[in-house]
Structure formats: structure tokens, C-alpha cells
Amino acid sequence: MPEERTSFGLMAEFESPEALLEAVRQTRAAGYRRFDAYTPFPDDELIEAMELGSTLIPPPVLLGGMLGGAGGFFMMWFANVVHYPLNVGGRPLNSWPAFVPITFELTVLLAALTAFGVMLVLNKLPMPYHPVFNVPDFERASADRFFLCIEASDAKFDLSATRAFLNTLHPRLVLEVPP
Amino acid sequence: MDNQGDKLWRTLEELVDSPEFRRGLEAEFAEQAGEWPDTIDRRRFLQLMGSSLALAGLYGCWRRPEQQVFPYVNPPELVVPGKPLTYATAMPFGGYGIGLLATSHEGRPTKLEGNPDHPASLGATNAIGQSSILMLYDPDRANATTHVGSVSSWGNLLNTLRPWRDHWRSRQGAGLHILTETVTSPCLADQLRRLREAFPMARWHVFDPISRDSVRQGTRLAFGEPANVIWRFDRAKRIVVLDCDFLFTEPGSLRYARDFADQRRVSIGRHEMNRLYVAEPSPTLTGATADHRLAVRAEDIAEVARFLARCVGMEMTGASPRLDAAQIRWCQAAADDLKAHRGSGLVLAGIGQPPEVHALVHRLNVVLGNDANVEFTEPVEVLPADGNTGIVPLVEAMQTGQVEGLFILGGNPAYTTSADLNFADALVTLSKARSTDGSFKNLTVHLSQYYNETSFRCQWHVPQSHCLESWSDIRAFDGTVSLVQPLIAPLHQSKQDTEVIEALLGELDLDAYQILRRFWTEQIGNQDFERFWRTTLEKGIIEDSAYSPHRFETQSASVETGPATTADRIGGNETFEIVFKPDYCVWDGTYANIGWQQELPRPLTKITWDNAALISPEDAERLDLTTGEIVELAYRGGSVRAPIYVMPGQARGSITVHLGYGRTHAGATGTGVGFNAYALRTSDAPWFGQGLRITKTGRRHRFAVTSAHHTMVSRGFNGRAEQDVVTEAAGTSSHGHDNRRLIRTGTLEQFRKDPAAFKHEEKLLSLYPPFEYDHNRWAMSIDLNTCIGCGACVAACQAENNIPVVGREQVLMSREMQWIRIDHYFQGPPENPRVYHQPVPCMHCENAPCEVVCPVNATVHDSEGINNMVYNRCVGTRYCSNNCPYKVRRFNFLQYSDNVHPTIQMQKNPNVTVRSRGVMEKCTYCIQRIAKARIEAEKENRPIGDGEVVTACQQVCPAQAIVFGNLNDPGSRVSQLKQSPLDYGILTELTTKPRTTYLAKLWNPNPALVDHAHTGPAA
Amino acid sequence: MSTEQQEAIRKTTAVLGGRHTSASVTDKIGSTVLVRPIKPGWLVGFGIGFLLTMVLLFAVTWLFIKGVGIWGINIPVAWGFAIINFVWWIGIGHAGTFISAFLLLMRQDWRTSINRFAEAMTLFAVACAGMMPLLHLGRPYYFYWLLPYPNTMAMWPQFRSPLVWDVFAVGTYATVSLVFWYMGLVPDLATFRDRARGRVARAVYGVFALGWRNSVRHWHRYRMAYLLLAGLATPLVISVHSVVGLDFASAILPGWHSTIFPPYFVGGAIFSGFAMVLTLAIPLRWAYRLQDMITLRHLDNCAKLMLVTGLIVAYGYVMETFMAWYSGNPYERYVVVNRALGVYAPFYWIMIVCNVLITQLLWFRRIRRSTIPLLIVSLLINVGMWMERFVIIVTSLQRDFLPSSWNVYAPTVWDWLIFTGSIGLFITLFYLFIRVLPAIAMFEMRELVHEADRTAPAPARVWAENHDA
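Chains B, U and Y are the protein sequences, given in the same order. Mapping the first sequence onto this note's numbering, position 113 (from 1) lands on 113, and the numbers just tick up by one. Mapping the second sequence onto this note's numbering, position 599 (from 1) lands on 599, and the numbers just tick up by one. Mapping the third sequence onto this note's numbering, position 314 (from 1) lands on 314, and the numbers just tick up by one.
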């Protein structure tokens, strides 16, 4: 049972992506794990630096696609062969070549929806409230500023020590993130 | 009454002068008389079958006639809702009887079919016969007795009549005139006899715009007495026709069509065909079936006749024939053929030809020993006893003030009489004349179904009962008498001619039923009258009532002196010959207000909702006229504006116009359609004459044609594709075997030599295993060889399947709805091409392209291989129509079916869905009839027998060209026909596997003319 | 500096002019919506679009009252403007997805500044397209019978029908495009949320931003999902117009029944799509001074793609004609003759001129890099592609197998009103779009700036720009 925290964590603001990248590297080196960086655009080096590993998105997408395809073909086969067989233009009941297009479309449809859905779920979006927004100036994370936030939940987190550590990374300023 | 009288007379003063005022007059009568024209354009397609709502709600109920009527086979006790009853009755066509079997659903007659036992029908009707049921329900029918345009009553008329009757009694009937159309009713004849007894000085006139006077006068010339002529096509092997459309205009045309077709039908066993030569000015159904057709001006027909006579060795005086080489060659070939077939030939002339030609023709038949093939009986028409009985003496009498009372029983003389007679004006003068005390000087009464051009010129108008509302009797072309029994009580306060005459005689309490029974009781006698009555009504005809043919001693009357020919033979140069013809759809104008008829494509032209001035391609080219150009036709003082139609096969120098159009008082449907050819007609030469002048107006008219088939003979790249339409049998084909051709044809000789040459076996590859149809496999076979292209099947289908009328504007947009259409293809030179008729219903393809593309399973196959159309599942993507190579599908682009007029709805077949807007529809092989047969068969636990299912088109076909049946029954007629080497399907290379296939068209050309026969008969 | 470095500079700079920084691009794009007041120019354009949309509503109302009979369609030409417009619009849509998905996979950085409004264009075009088949139904209120849904009558759609394929293809296409577009929008919506002045605006943008906070962890998954969507959308865009092509190819009608249709339709679709992209981009960059973000290089590249696809289309025409002759099928031959010489010959020749001849101008760099001529060419190609659909649909139906059923088709005023009305709807939606959403993907532009900074500092970029003809 962790004690009631007074803050969400410490937020350091940087001018440039390069500075942030350096900061992230050092933070990891310093042994912090529960921290996050905020940038106005995706940056591959940063992502590597944070060593986030797999996104876990592709497998469910593959699954969704296969489900869509199989389900689609089954629907058509069931409707034409089992549920309501009809002689349509002398074609066989199971005219599978004619079922290909819809099978394909449903594959794509379900795969695409899964991709989007899984992304939202794993990112825990939509998220109406998040402490980082309490940091003044944080809105510039969506424009031209770069932030690093070490969260209080990190085992190594200590308000004063962590603040001192962050200051060594030459940020513009370091602020405490209220919960 | 009087002030209304004043009102009328003020207007009539001017009426005589200004035609446009007549329209004003109608407006004045509008409240009562019911006038239409203003509203037509605005709400036309909803109003096609009429605009009067006067009948709303009144007639939805069962209207059983008060008197006892007898069903054809099943006794009336068996009346079960949903189970239709069939009654035998008869309808008049040009005054002559055609036996009918009328189907009645819960007391609503819904469909007319021919009575197989009736000699003039043999089970068939023509298109008009099919459509006449719509006349019964026409909302535009006059629905009340009117006096000077205001609603009055039959009783009032009787009151007015009483003093007149006494007056005429005192004067032996002098001044009393009765005008009827052609009459063949024995009962009416008897009444007229009574009338003459009561009023010896009374005069009875007969006028029919399409009369058979020339035929009777012809026999009078040849044999000294008028006679009725009956041809035996069942016996004739070589037939030479001189301007006679015996497949349509003759009272026996249906019988003739059957006999003629039977002689041309080439089935597996039979390899015989008759040979038909036709000389005529303008292509007719008859000419289109001819092996050798000669396009010749109506006037020159006499020349042809005389030259024929010369060729068969008759003594001929008079000038040498004025025929060109081709005509002479044709005549010689025909004459030789006739001589070679002594006794089995037949020469005949049409009503349009003068008596001299008829006389000559009779003589020819005698000389050629063809007596057996022509039968003469006493005239079936009831003819007035005294001599001068036509319309001309009547008009003279009217103009000289000898007429006090004029009773016009039926017909529409004010419209149909020749322009030069001025009958209409004479009638107005007669009606408006008043004596010093201000009362009417004369009495004019008109009895007709519509308040028409004649009605508003008479003081009184009495609605006439439709034949399905009437008790009467009528004679067929051979004299056979049918009793006409009603299927429904009169929808309006209508009367019959017999009742009017009875009223004249003072017998006011007798109705038509009693009058008819009184007459026949006198004929039959009281003993076993009831049995006679019942059996006759059940059967539809009186046994052995046909006149027995009798021989004539051919007195060598001066037949050699041919008809006097007009002095100037300017021909094509600046004046033309004008030829008048009855119209295939509206006859003499009587059927002008029937939507089905107006929208029925005219054979050979495919025009709907119009008539035209037909001109030959050469003349058109010379005068630089094109189809649709409006010209002024001036002829003997009369003149009309008419649109030109360039008719392949029209004789040079001859212009043909059809009667029955340009009506001013037809009703919402018929008023203002086409131009009035009567305006050019003269009483001395009713059928053709010289001196027609054509002047261009520079204006154009769009014909609502249902098929652009006239491009068949056009040049340019269009022509290319079109020439590919016809494929000749092996040897004569320029393309060799090509199953892509739509018409397969050849000569009888080729068929005799090598029937296999007609068969094109084709290997159709398919990835799919075929479906098994183990129960029934419905299929249809259409014999192009016997099809005469009359269009009766189209009308029958329309009547059976509740097919709506869409109107001229929609036809112009190519949205006609008929489920079966008749395609025409021309072959050979435009001057005189061969014609092919091809009825095209749904092919019910086993691999139906339409079904595969339907997104909602709205059109699918059933277990018996019928390509079903599920109306209430259809969402209207119209993809099926796009993918139908035969384009037999029809779409309800708008709300076409009339859901406004209750009487129209009374006609609807309850077993067929009435389609709504936005739904596709097409031929169903009359699936309702299949279902009926299936129910009967299952009740008796047996398979459906061959011939039990008869589609509407098959049933009506006079030539029996359509055969429907079960392919799984090897004995069925359709199975056997499909075995014939002549059997072929169209567009089969698409692997559609059509269930509807055709039998190839065969010609039987005369070897002497055969080189012409290839490019076109006697080109 | 080294030549390859210079090349690298030129490559990136050509797609991004001026001394742009993350802040400046954000400001510039954001301000067009958030700061810039509504200008009369916009009002006029929007007004016209809105007026035409009202015309559309009017025409559609009358259509529903009277039925499809108010159009010129008949038997045999049972398909008319509705289907022509459908194919035309759906084709236009394709460029958007092609740019945003296919070019993303190809790592074409120049897509960045045009993909957003191109995708918007796709959505609006698909909306206009999707409307047409419904209006064209004889009984539009039963459109849902084309969808599989459980019902007691056990009635299903007829899955062999290309029209049902269409329903699924277009439905999927619309859905995926929307998702793809919205997903791209999320970070930019966050930007708007953070920059918007009014509380309402903040709230609205905030809701749609889903609480996006630019976390790198989020970017990580976002990137992957976006890439996958692109991977899925690319075959989809190919399939959709192939299916539309099959609407015709799977019929037996001469002029339709042709195996080349699917590829030839896809080519035509992208062809017309890029024409529409340019038709929109050229005025847009002028109106909002975006010449430094939508640079001549973008126009150049679009033009090149137009040229390529145009050649594919031309090949299609040639092949149709050749196969008609080579097949020896009289009907096919006749269709070709009839198209070139028949009643509708003018339509055919306009099509040839616009799609084949005019397109050849794009061989010239001058044309490709001068806006006005390029705009004119694009407009002409839009016309030409509409003509192509008209020719394919009407001339084939007008004269098929049986000469007896040949006839002509003449559109009525209602056909025209609905067509122009649909254009109005498209304009209206687009004008609304550029006022409420970022017409250019801001976060991707920032990324681009970042890339550029990495290759060379701003001064070098200016130098490179000056040396970039």
C-alpha cells in the first residue's frame, strides 16, 4: 500500500528535440523507468531511446482481418447454400468466385477498425483528464516545446533528488506536476 | 328547358361558321357533357383512360344482370369468389359478329377471348377485340341521356317522342329517318320490318365509313345480285391478292388468318406451303406475308387484274395494259402459276377496289376453275329494302327539308362522313331549325357510347350499351348467328338500338332482353324454346345458322370493259394518288379513346398515338421529304396537315392515309390524336383517287415509335449492323452459317432439299453444371413462318397482365410497357423489301443474365425454369434491364398504372399484381395461368397435361404461331416443335439458353421470279 | 558542402520553402483557422456552394415525389447521370487515399503538406458518390435491402451482384478513409485544443482530440497503427474502383463486358483524383499564401502522376478499340464504331481530347510548374473523365444486341440539377473544412521541419531554395 502522493511527478521542459533526446538517454541511464517524454511530433530516435519495445498492435490487426474475411465468406455461403438456396441465373449455389470481392472488403474493414481500436485502447484514449495538463506552458508540447516527465510512481523517484537530477540536464525549467 | 334552348341556339348560330367556336361550345356544356381537352396535357398520363370522376365509388360492387345468364360450361351455382366464370357472347367488329368467351371475376368482366366454336373466331380475336373490354370501363363513356348538352333522362325523351310518334303515324312515317351503321342483327332486322309496317314512308339509311358495298356490287356486276363472298384459304394453294388485307379488314379475317397460316405451317410431317402473290399500294399485314409482293398504285390494280385476265386467256377489250416490265413479269408469273394449279388457286380483291375489279376477279376464278375456293352466300348485312339508302340521299333529304326526325343509332357520321357531304352542317341546321312558336321543328336523336362529334350536333343523346351490357344477336361473316348476352348490368343509364326502335314503335315497357326473346320465340316457336335459349347462350352460336353457299350462273356481263381510269396519269410528278385505309388500331375512329389501342404499335410502322401520310422512299427522296416532316395534303378542295412517314414498300406515286384520327370529341385519350383523313375523303371515291397535292410546311412532328426499326433500310454505318440481322439458310447466305443472326430464313425448296441446313448446332461452353428441372420445364416456340405480325398478342398480354398505358410523351422517351413486342425487320431494297415479324416476349433464359446482377434477389428462377420477377422485392436498380440482351424488361419510371379511376380498376385481373412506381416488370409466361392449371392438376392428383396452360398471347393468336408447354413432356407440342430443324434461339452465343425459341421463316417463291426473291419479292 | 548533402537539402527544401520552424508552421496553419477572420472571398465561394446544395435538395425532393421518371433514362438506357456521377465522384476520391496511404508507404515526404485536404476531398467526394446510387433507385426507401441484416423472411442480398460488391466496397472505403483521416487529425486537434482562444472551441476540439497529450509512448503506437492503416488502405483503394469497374465488366453488354476495366478504371480514378487535387490545391495555396508549404514541387509531382495515370487511361482506350477489332465480335466492333461516329460522337471526342491529348502537355516541365496552365489542364481532365463515364455507360446501353431496341438518351433538367447540386455539396463541405480544421497536417509539417533542420540549418535552406529552379 503506497502512501498518498502529493504530486504526479516532475516535468522538465526543453527547447530542442536534441536536448530532450540527450535527457531521455541520461534518465534511462540514471535508472528511471516510469517516465514519459512529450514532443510536438513523433521522433524515431526518441522512441528508440526510450526502448519501448513492441507496440502489440499488429497481431490483433491480423486476427481482425482474418475474422472479417472468414466471417464474410461464411455469411455468403450460409445465405446462398443453407439459409435460402435460390437458382440465380443458373449459377451454382456456392459461386465462390463471386464472393471474393466482399470477402476482401470485409477483411480490410475489420483489420482497419481493429488497428484504430487497439491503438486507442493501448493508449488509454480517450482520456478526459491527465495531470500533465496542469503544468503551465505544457500546451506548447503540441507546438514547439519538448517535455520530460519522471513520474512519482517510479521506484527511484524522490522529489528533491529527482529535481536535482533533472536540473543537471539543462532544461529551461523543472516544474512539479500536481496530481 | 326553354332558356337552355335559347342558350344553345345562340351558340349554334355561330357554330356552323367557326370551327374553333365548337370548342367554345363544348366548354359551355362542360358541366354536364363532361369535356376534357384543357386538362389533358397537364395530367395526361394519369388520365389516359379518362378524366371523369363521375363514376367514383359507384361501380366497385357486383353488378349481376337482372336477367338469368348462363355460363359457358360451369353452371352459375358454382360461383365462388376468386373462381372466374366464362360466358359465351359476341362482339361486333365493323358490324359483323366475332364470338367471344368473356371471363368474369366476381361479376366483373376482365378479359375477352375468342370462342373456339365460333366460325369467325376459332378462339382468336384481333387486337381490337382484346381492347374492346376497356371501352366498357372507359370513364369517358357518356353516362346519362342529355338534351342540348344538359343532363336529361330517357323518360324525358319518351315524353318528347309521344307527340312525334302520333304525328308520324298520321303521315305514314314520312319525314322519319333512321341512320345505322352496318347491321347484321336478325332481331334488329325484324324490328326495322315492324317499323316499316308501322311507318311505311319512314326511311332507313345505312352508312359505314368502312363498308363492303364494292364487294356486293361486284357480285351484282358479275352475277346480277348482291352476295356475300367467302374465301376458302384452307383449299387454295396459289393465292393472288389484289389490294385486299384479308388478314385484317375482312369480317372473316381471323378465320382466314387461321386457314392461311395452316397452309403455310411447315412441321416435321408436312412440307407443303401455299404461295401468296399480293399486289397493293401500301404494305399491309397481308402484303408482308406475301412470297411475291408487287407495289402498285391502287388505281393500277385494275390494270393488273385485266392483265392477269389476259394472261389466263380471257377475252379482253380495251387499251393495252399500262404496266412496267417488272409488273408484267410478276403478272405473267402469277398467271402461269394459277394456270398450273387449276382448281386450287384463288384470286381475290379488297373492299378498296371498285366493283369492276371484283367482277373481273370472280370471272377469273371461274375461268381458272377455282369455284370451289370461293363461296357465295346471301348478304349477311341487313340491307334496306328500297334502293337509295346510303348517306347521300339522307343528306339530300336533310338539305331539302324532308327530314323531320332523325334517329342516328350508333356510329359517328358527323365525323366519319366524307367532307364533301357536309353532313355535320346539315345535321346542325336540322337540329337548330325551329318553328314559329319557338319549339323545335325537328327531332334529332343520337345513340352512341360516347358523347362524340355527332352527339353535340343532335338535340338528344342517349348512351349506348357496350356489347358486354347488351342483349342482342349478331351474324358472323358466314351468317352464323350468335346471341349476345351481357356479363354486367349497364354501368350507365344506357340503352340499345333495339330499345330505341321499340320506343319509336310505342312499345315502351319492353327491354332489350324481352325484345330479343320475343323475336327468337317467334323464330323457334314456344316448344323447347328454353332449351334452345340455354344451349345457344352456353355455346355462343346458333347451330347451323350459317348461310349455305350457292352457285351463281355467271352471266357474261360486260366485265371486259374494265374500270374507267382517270384521264391524267401524272403519277409521281406533281400530284399523287391518295389511298384511304382503315387503321389497324382505331379502325374507323370508333376505338380512338382506348389507350391500349392508341399505344399498340401500328404494324410495320411501329407508330403509336398517331397516323401518318405514308410515302414511298423514291418519292420522299425526289421531294426531299423525311419521316416526321409535316406537309399540307390538298385533295379535291379538302386539305389537312399531316406528318410524312417514309414507308418501305409503298407504291410510287401513292400516298396512304389511315382513317380514324383527328377526333375532336373522342375523350381524354383519343381527342386530338393524329390528323383527320375523312377531311380529304369524297363520297364518290371513298378509297382512293388521283390529284393529291403535297406542299411542305417546314414544320416537323415527332412520331412516338416503339422501335427505330426503320433504320433497317437506312444507309451508312447504321445499315452495316442492321444488314447482319437476317441470315439465309445454307447456300443462299452471303455470310454462311452465322448463329448471330436474329432472323433465320430460307425457301421451302431449301428446306425440302436439306432441312439440316437450317440447324446450327453450337457448342456452348460453361464452367457451371446445369440446373436440373425434373418437374416441369416451361418453354415457348414462336413460328415466324405463320406469324402475321397483327399485334393481337401484344393487346392480349396487356389485357391479361394489367399492363398500364403510359401515353405518347412516355413512348417518345422510350418507356412503353408492353411485355411482348413485335420486332419488324426489313430485307432487300427499300422500294419493296421483305418483312420479317418477330414477336419478342421474355426468353426466360436458363442462364438469365438479369438475375445474376440483381442485388436483392428480386428476379430469380423457380423450380420449373421460369424467370420470375418478384415485384415487391424489387428496389429498381434497373441493372437487370441493362444486362438483358433482349431488352424485354419494362420499368415503372413513374406511377403508370391508373390508381385513380374505379372503373379502370374493375378491369384489372385479380390474379396479377398491379405494379407500382419504381418497379421492374416483364413477361412471366402468364404464371397465373400456370398456377391455375397446377391447382386443378393437383386437385385431381395428376400432372399438368399438354395444352392445359395457354398463355394469353398464344390463346389470342389468329395464326396459332405461339406454342407454350412443358419440355419435360416429350409428347408436348412445344417439345416436338423444338425438335424441328427450323427451331433456333436468338443470341444463344451468349449462353443464355433461352426457353423461348423461334421457328425459321420460310418463303415459297416462284422459281420464275426467284432471282428477285432473293433480294426481295418482285423487286 | 558536399554535393550529396546539397542534394539532400534540395530534396527536403523543395517541399518546404522559407525559414520555417516548428512554431512557425504551427502558427501559420493554425492561424488560418483560429485567428484569420472570415474573408469575403470565402463567403462568396461558400455562398455559391451552399446555393447549389439547396438546388440539390430541391431536385432530390422533386425526385422523391415523382420518381426517377423525371430523368431522361429509359429502356434501353436505364442508367444515366446518377451512375455517371457516382463513378466520377468515387474516382475523384481515390487520389486522397492514394496520396496519404500509398505515398506514406513509399516514404514520399512531399505528401505531407497535401495529404490532409486530399483526404478531406476523398471523404466529400465519396459522400457525393454514395448519394447517387441511392437516388437512382426506383424505390430509394428500400435501399437497406442491399445490406445483409437479420430478418424473418430469410431474405439476403444477392451476393453475386456487383452492386452488392459496390455496397461493401464503397462502405468499407468510406469507413476506412474516415478513420484514417480522423486518426491523422487527432494530434492536430490537440494542437487546436491547446491554441484555440474561445472556451467553446477549446471544448469542442478537446473532445475530438480524445485527450491526446503528445506522449512519446502514444506516438509509438500511433505510428504503427497509422502505418498499418496505410498498408490496408492501399489495396483497398485499388479494390474499390476495380469493383466499380466490375459493375460494368461483369455485365454481358458489348462495351462493358471487358477484362481491362478494373485496372483501367483504377488508373482513371487516380488520374481524375489528382486532377481534382490540383484543382483544389492551386487556388488554396494562393488564397492562404501557402506557396511555401505547397510548393511547385508538389504541383510538379502531382502533374507527373497525372501524366502516368493519363497514359494508363489512354492505353485503356487503345486496348478497348484493339480488342473490339481483334475479338471479331460484331457487337463489340459496332460499339466502338458507334462511340466514334454515332449520336454521342462529340462526347467521345471531347473525352479523347481532354484525357489523351491535353494530358500530353504535362511532359513539359514548364507546364507542370506554372500554376494557371496546370489548373486549366486539371479542370479539362475533370471534364474529360466525366465524359468518359458518360461514353462508357450511355453509348454501350444505347445500342446493344437487338437493333429493334436501340434508342437514344437525353438528360433532362433534373439530371443536370442533381449533378451540379452534388458539386455544390462538395464545395460547401470543402469550404467548411478549411475554416474549421487544419488543411495541412501540422505535426507532420513539424516533423518535416525537424528533418530539414537535421540535414541543414535554415540559412542553407534559403540558399538551396534560391538555387532550386
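If you're looking for bench data, these hints aren't it; they were derived computationally from the structure. Note that CB positions come from ideal geometry on N, CA and C, so glycine has one too. Keep in mind that a hint or two might mislead.
[Claimed, not checked] Going by beta-carbon spacing under 10 Å, a handful of chain U positions derived as facing chain B:
1) 506
2) 525
3) 526
4) 529
5) 639
6) 767
7) 850
8) 851
9) 853
10) 871
11) 872
Hints, one by one, checked against the model:
1. 506: violated, 71 Å
2. 525: violated, 64 Å
3. 526: Result: violated, 64 Å to nearest chain B Cβ.
4. 529: violated, 59 Å
5. 639: Cβ of residue 639 of chain U sits 58 Å from chain B, so the hint is violated.
6. 767: holds, 9 Å
7. 850: Check passed: Cβ of residue 850 of chain U comes within 8 Å of chain B, closer than 10 Å.
8. 851: holds, 4 Å
9. 853: holds, 8 Å
10. 871: violated, 17 Å
11. 872: violated, 16 Å
Figure legend: structure checked against the earlier numbered hints; hints not met, in rising order: 1, 2, 3, 4, 5, 10 and 11.
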